[in-house]
Amino acid sequence: MTNLLPRWSARLGVGLGLVGLITLFGLLGPLLVGDPNAIRDIGLTPPGGGHLLGTTQTGQDVFAQLAYATRGSLEIGVLVGVMATLLSAVFGVIGAYVGGFTDEAFSLLSNVMLVIPGLPLVIVIAGFVPPESRGTWTIALVLALTGWAASARVLRAQTLSLRNRDYVAAAKVAGERPWRIVAVEIAPNLLPLLASQFVFAVILAILNEAGLAFLGLGTSNSSTLGTMLYYAQNGFALQRDAWWWLVPPGLLIALLGCGLALINFSIDEIIDPKLRNRARRRDTVAAPAPTVDDRDPDRVLTVRDLEVVYRVERPVHAVKGVSLTLRRGEILGLAGESGCGKTTLAYAINRLHRPPAEVTAGSVVFHDRDGTDIDVLALGPGELRAFRWDKLSMVFQGAMNSLNPVTTVRAQLDDVLTTHRPGMSAAERRERCQEVLRLVGVDPARLGSYAHELSGGMRQRVMIAAALLLEPQVMIMDEPTTALDVVVQRGILRELLRFRDELGFAVVFITHDLPLLLELADRIAVMKDGEIVEYDTAERVHRDPRHPYTRTLLASFPSLTGDRRDYAREGAR
Amino acid sequence: MTYFVRKGLFYLVALWAAVTLNFFIPRLMPGTPVDSLMAKLAQRGGQVNPETRRAFELLLGADTDEPLLAQYWSYLGNTLRGEFGVSVSSYPTPVAEVISASLPWTVVLVGIATLLSFLLGVTLGMVVGWRRGTWLDSLIPATTVLAAVPYFWLALILSAVFAGTLGWFPLNGGYDVVLDPGWSLEFIGSAVYHGILPALTIVISSVGGWLLGMRNMMVSTGSEDYVLTAQAKGLRGSRVMLRYAARNAVLPSVAGFAISLGFVVSGSIITEQVFSYPGIGSKLLQAVQNNDYALMQGIFLIITVAVLGANLVVDLLYGLIDPRTRS
Chain A
372 MTNLLPRWSA
382 RLGVGLGLVG
392 LITLFGLLGP
402 LLVGDPNAIR
412 DIGLTPPGGG
422 HLLGTTQTGQ
432 DVFAQLAYAT
442 RGSLEIGVLV
452 GVMATLLSAV
462 FGVIGAYVGG
472 FTDEAFSLLS
482 NVMLVIPGLP
492 LVIVIAGFVP
502 PESRGTWTIA
512 LVLALTGWAA
522 SARVLRAQTL
532 SLRNRDYVAA
542 AKVAGERPWR
552 IVAVEIAPNL
562 LPLLASQFVF
572 AVILAILNEA
582 GLAFLGLGTS
592 NSSTLGTMLY
602 YAQNGFALQR
612 DAWWWLVPPG
622 LLIALLGCGL
632 ALINFSIDEI
642 IDPKLRNRAR
652 RRDTVAAPAP
662 TVDDRDPDRV
672 LTVRDLEVVY
682 RVERPVHAVK
692 GVSLTLRRGE
702 ILGLAGESGC
712 GKTTLAYAIN
722 RLHRPPAEVT
732 AGSVVFHDRD
742 GTDIDVLALG
752 PGELRAFRWD
762 KLSMVFQGAM
772 NSLNPVTTVR
782 AQLDDVLTTH
792 RPGMSAAERR
802 ERCQEVLRLV
812 GVDPARLGSY
822 AHELSGGMRQ
832 RVMIAAALLL
842 EPQVMIMDEP
852 TTALDVVVQR
862 GILRELLRFR
872 DELGFAVVFI
882 THDLPLLLEL
892 ADRIAVMKDG
902 EIVEYDTAER
912 VHRDPRHPYT
922 RTLLASFPSL
932 TGDRRDYARE
942 GAR
Chain B
37 MTYFVRKGLF
47 YLVALWAAVT
57 LNFFIPRLMP
67 GTPVDSLMAK
77 LAQRGGQVNP
87 ETRRAFELLL
97 GADTDEPLLA
107 QYWSYLGNTL
117 RGEFGVSVSS
127 YPTPVAEVIS
137 ASLPWTVVLV
147 GIATLLSFLL
157 GVTLGMVVGW
167 RRGTWLDSLI
177 PATTVLAAVP
187 YFWLALILSA
197 VFAGTLGWFP
207 LNGGYDVVLD
217 PGWSLEFIGS
227 AVYHGILPAL
237 TIVISSVGGW
247 LLGMRNMMVS
257 TGSEDYVLTA
267 QAKGLRGSRV
277 MLRYAARNAV
287 LPSVAGFAIS
297 LGFVVSGSII
307 TEQVFSYPGI
317 GSKLLQAVQN
327 NDYALMQGIF
337 LIITVAVLGA
347 NLVVDLLYGL
357 IDPRTRS
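Residue numbers (my numbering), protein chains in the order written: chain A, 372 to 944; chain B, 37 to 363.
Rather than coming from a laboratory, the hints here were simulated on the basis of the structure. All C-beta atoms in this analysis are idealised placements derived from N, C-alpha and C, irrespective of residue type, glycine included.
Partial list, derived from the structure: chain B residues whose beta carbon lies under 8 Å from chain A:
hint : residue
1    : V185
2    : Y262
3    : G270
4    : Y280
5    : N284
6    : L320
7    : F336
8    : D358
Please put together the full structure from these sequences, using the hints given.
Given below as C-alpha cells:
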C-alpha cells in the first residue's frame, strides 16, 4: 500500500502554516478581542491607535469583527466539508461498490446534480428561506446538498478501480463480508482521496458562503467573512477608500483557500505519485568518444563502458560498464529478468532516458553506412532528432500503447516522413505508408483506423511498419511480442527475420525469454543487475554457458532439445 | 446506444430534473409566496387578474384542492411556453421579457470570458506541464492564490484600482447610459469598454483551475508510451507536445467543462452585482431582494438551460475530438 502521509515539502509547510494560523485566529481570536458589535461614535477611522485595523462606519472594531467572522467562516466550511464528503462517499463509494442498478441510479443523480449550476440553485433556495430562519445549519445544509456531486464522481471512479484489484477479489473469494471489504480493503486506499475531497469541499464552501453572504443571503445568526464584505460594500467602503474594512476579510479568505489548496497539492501527490516534483534534466555528460580499438568494418553500433545512474535519494546504478558491438544485419539478443537494466540500456543508447536517469560515463557510437562515425551522446538536440528513427528506430515494450489513441495510423506514419523526408510529396508519402503496411501484412486501408480499432497484433505490426519507414540501419525492439499470443508472436518473428534478410538492418532484441533468443538471435548478451554476464553467439550460449546465471535461466525453461522444443515455445506461457 | 444519443438523453434527464426541482423548491419551503407576490402586485397598483394568480400558483404552489400531479402537468405546460407570470420588481413587465432583455449581456460576457480563460489556462497548463522541473513550476502556487480569491472581492479590488484610482475603466454598468441601446458602432464600443473589467475578473479567477488541470494531465500523458515513441521518432519537441501529449491531455479538461462552467457562471453572477452589470445575475439578485419569486424561478431555469446547452455543445465536441467515443 502507498504511504498515506504526505511527503514534507515547502508547499505543505506553507499550507499547514497558513491554515494553522488562521484556524488559531478563528478559535482564540474571539476570546481576546472586544465586542465586535460595540458601536462607537468615532465613525470610519483608519488603522492605528486603539483599533489595529481601524473601525467601520459605525465605529465597530474591524479586527474584532474579523476574529468572529473567521470563526464563522471556518465553522461553515468544516460543517459543509463533513456533510458534503459524507454525501459523496455514500453516493460515490457505495454505488460503485454495490454496482448494478444502484450504481446507475446514484451515478445519474450525481451527474445531474453536477451539471445544474450550484450557486443559482443555492440563491433560489436561500431566497425562499425567510431571513430569520437562515441559520448556520440551514446555509451549511443547502451548500452541502448542492456541492457533493463532483466528489462523488471522483470517488466512484476510484472505487471502481479499487474494486477490480486483486486483493479485493482475494478478500471476496475468502468469503469476507461486504462491509468488511469496504472498511478494511477499500476505505484505507480511498483515504487520501477522501481527504483531498474534504479539503476541496471546505474551500468551496467558504467561497460559496462568502458569495451568498455578499449578496445578502448569508447566515442571519452568525457573522462570517462574507457578511463582513457585505456590510463593507453596502457601507461604501470602496468609495470612501476604507481599504482596512474591505481588504482584510477578502485577503483572509484568499489566504485560507490558498493554504488549503497547498495542503491538497501534497495529498494529490500521494494519490498520483507522478505529480511529484522531479529533478531537473541535467545535460548528459558527453565523454569524448574513445578510440574504438576493434576495427571490425562490419560494425554498426558500438556501446562502450556505458553507465546509467538513477539519481534518486539512494542512487541506483542501473547499467554498469556495458560494452556491446552490433554488426550489420545481425540480431543481438539482450536477455535478463525484469529490472536487470536492459530497457534502461536500450533507452540510453537512443538517449531516450528521462530524469532521474542519467548517463554518467561511456560512449555510444553509430557507424554510418557511408563510413562516418556518429557520437550519439554528443549530438545536439537538432542532430539527435535527425538521427533518431532515420538511423535507429525502436519498437517499444508497451507497443500496445505506442500508438496515439486520438489520431489515425496515417497521421502517425506520415509525421515521420514529413519530419525526416521534407522533400517527399503527399502522394509519395501515402505510397510509402501503404508499402510498409503491406510489408508487415496489414491491409493499407487500415491507414484511416485509430488504435482502438486494431487488435493487439495489428497494432504491433503497425509499429514495426512505422519502424521500417525510413529504412533504418538499426532497430531496437524491447519485448515486442510479449503481450501477444503465441501464434501472432510466431508470425511477427518470422516476418522480422525476413525483413532483416531483405532490408539488411541490425536488430537489438530485448526479452526475458532466453529460449526465444536461442532460436532467433545471432549473438546473445545476458544481463544481470546492470552488468553483462554472458556475451557470445547463440550457439555457444546454448551449448556452453559460462556464467552460472545463464545456466539458471536456461534450466528454468524445459529442455530445448528434441521433440520437446515446441513445448518450450508454446507451453511455457 | 451511440455516444451522441446517450448524451442527448442525459441532458434531457438533467433538464427534466432542473424543471422539477424548480417546481418543488417553493412548495417545500415555509411561507406562502403567492400571497406575498399578490400583495406586492396590488401595492404597485397592478391588476390582480385570475390569470396572473393562476400562473403564480402553478409556479410557486398554493393551498388549492388541485392534485399535485395536475399542478405539475400545467406547470410543465407553462414552462414550455415560457409563461412565468409577471415580474413584481419590474412591474408590469412579464418575467420572460425581463429575462430576454438581460440574458444576452450575460451570455456574451460570460461566454467570451470563459472561452478566453479556457484557452489561456489550457495553453499555459500545457507548457507548464511539459516543461516540468523548470522555473515555470513556480507559476503553480500563484494560480492557487488566484483560484482561492473570491470572485466578488477580486472584482471589488480591480474596480477600486482600475476604475477608481486609475480611472481607466468605467466603475459600473454595461454601457454608457447616454447612448441608445442598438447595433450602432458607438454603442457596441461602449459595451466592450464596460465589459473589459468584469471579463478580466472572470478570466483571472478561473484561469488557475484550467491551468492546474491541464498541467496535471500533461504530466500524466508525458509518461505515456506514445509520447516516448513520438520522441524516438525524432519529431520536433513542439510537435510531440501538441499532437501527442497535449492532444490527449486536453480531453479531461474538455470532459470536465461541465463542472467548471458551473463555477464560472456562479462566480459571474456575483461579479455582475459588483459592476452593476445589466445581466441576468443582477436581475436574479434584484428578484431575491424583492421577493420576486416568479422572476427568481424563471431566471434559475434559464441559467440552467443555458449551462446545460453549453455542456451539451461541449460534450458533442468531445465526441468529435476523441475517436474512442464513436465506437
